[in-house]
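Colleague: In case you want the letters, here they are:
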Amino acid sequence: KAGVTQTPRYLIKTRGQQVTLSCSPISGHRSVSWYQQTPGQGLQFLFEYFSETQRNKGNFPGRFSGRQFSNSRSEMNVSTLELGDSALYLCASSSDRGLFQETQYFGPGTRLLVL
Amino acid sequence: GENVEQHPSTLSVQEGDSAVIKCTYSDSASNYFPWYKQELGKRPQLIIDIRSNVGEKKDQRIAVTLNKTAKHFSLHITETQPEDSAVYFCAAPPTTGNQFYFGTGTSLTVIP
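Residue numbers (the working numbering), protein chains in the order written: chain F, 805 to 919; chain X, 15 to 126.
Don't take every hint at face value.
[Unchecked claim] Beyond 10 Å from chain F on every Cβ pair, some chain X residues (computed):
hint	residue
1	ASN45
2	GLN59
3	THR109
4	VAL124
[What the hints assert, rightly or not] Taking CB as the label site, the calculated pair distances span:
hint	chain 1	residue 1	chain 2	residue 2	range
5	X	GLN59	F	PHE864	21 to 27 Å
6	X	THR109	F	THR884	34 to 40 Å
7	X	PRO22	F	SER883	37 to 43 Å
8	F	GLU886	X	ARG75	38 to 44 Å
9	F	GLN845	X	SER66	23 to 29 Å
Everything labelled a hint here was simulated from the structure, so no lab data went into it.
In this text, a Cβ means the ideal position worked out from N, Cα and C, and glycines have one as well.
Use the sequences and the hints to build the structure in full.
Modeller: Next comes the structure, spelled out in C-alpha cells:
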C-alpha cells in the first residue's frame, strides 16, 4: 500500500495569511491525526478525525481547524498566521477499525514558514 | 491528559555499544507504547511497539521493555551503528482517544 502523503511539502506565507494543508491516509485507514512539530515544543497533537468527525482536539487556538472528507482525506487550515506557526505539520493515519491506541503511520510533513 | 517524560534528551555512544532510552507515563490505563525514529528532515518512522500484555519485545538489535507497575518503558538498541543516529520519540496514547502524547525526544549520536 502507498504510504501517507501530504501536500504541499513546503510553504512560505506571511503573517495574517491563511493556509490549507492536505493529507491522504493509507488506503483503508479512516483515522487521521495532525501534529505540529517544533524544536521547542516537540510533537504536539492538533486534532484527530475519524469518518469525517473530529474525535479529539488538542490545546491549540481556534485559528487551527480541520476537516475530513468521505474518502478519508483530511485538510487542516490555519487562519491569521503568526510567526510562531512556523513548524513542520505532520499527519498520521491509523487502521480502519476505529479503535483507540492503534498504530499511527506518519506522512512526510508540510514545512510551513511564516514571515 | 497523558504526561510522557523521556530521558535522556541527548545520548552519545561509541559504535558497537548499547543505548537505552527511558520513558515514563502517567495514565495507568494506557496499553500501547510505540517508539519512533526520526532522521533529519524525514518523517517519524515506527521502529517497535509493545502492548501491555507483554513485558518485552525484540526485533533484531532493538528491544522494548515495559514495566506497568512503575509506569515506564524503555528502548534498548544493541550493537549500535552510525545509521542509528537519529531522534527517537516514545509515545503513549490515552485510552480515551487516538491522540498520541509524545516524549520530548532523544537525540542519539553513534560515534564511529
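Colleague: So, for every hint listed, does it hold in this structure?
Modeller: Structure-based check of each hint:
| no. | hint | verdict |
| --- | --- | --- |
| 1 | ASN45 | 6 Å, violated |
| 2 | GLN59 | 7 Å, violated |
| 3 | THR109 | 6 Å, violated |
| 4 | VAL124 | 22 Å, holds |
| 5 | GLN59(X) / PHE864(F): 21 to 27 Å | 25 Å, holds |
| 6 | THR109(X) / THR884(F): 34 to 40 Å | 35 Å, holds |
| 7 | PRO22(X) / SER883(F): 37 to 43 Å | 38 Å, holds |
| 8 | GLU886(F) / ARG75(X): 38 to 44 Å | 43 Å, holds |
| 9 | GLN845(F) / SER66(X): 23 to 29 Å | 28 Å, holds |
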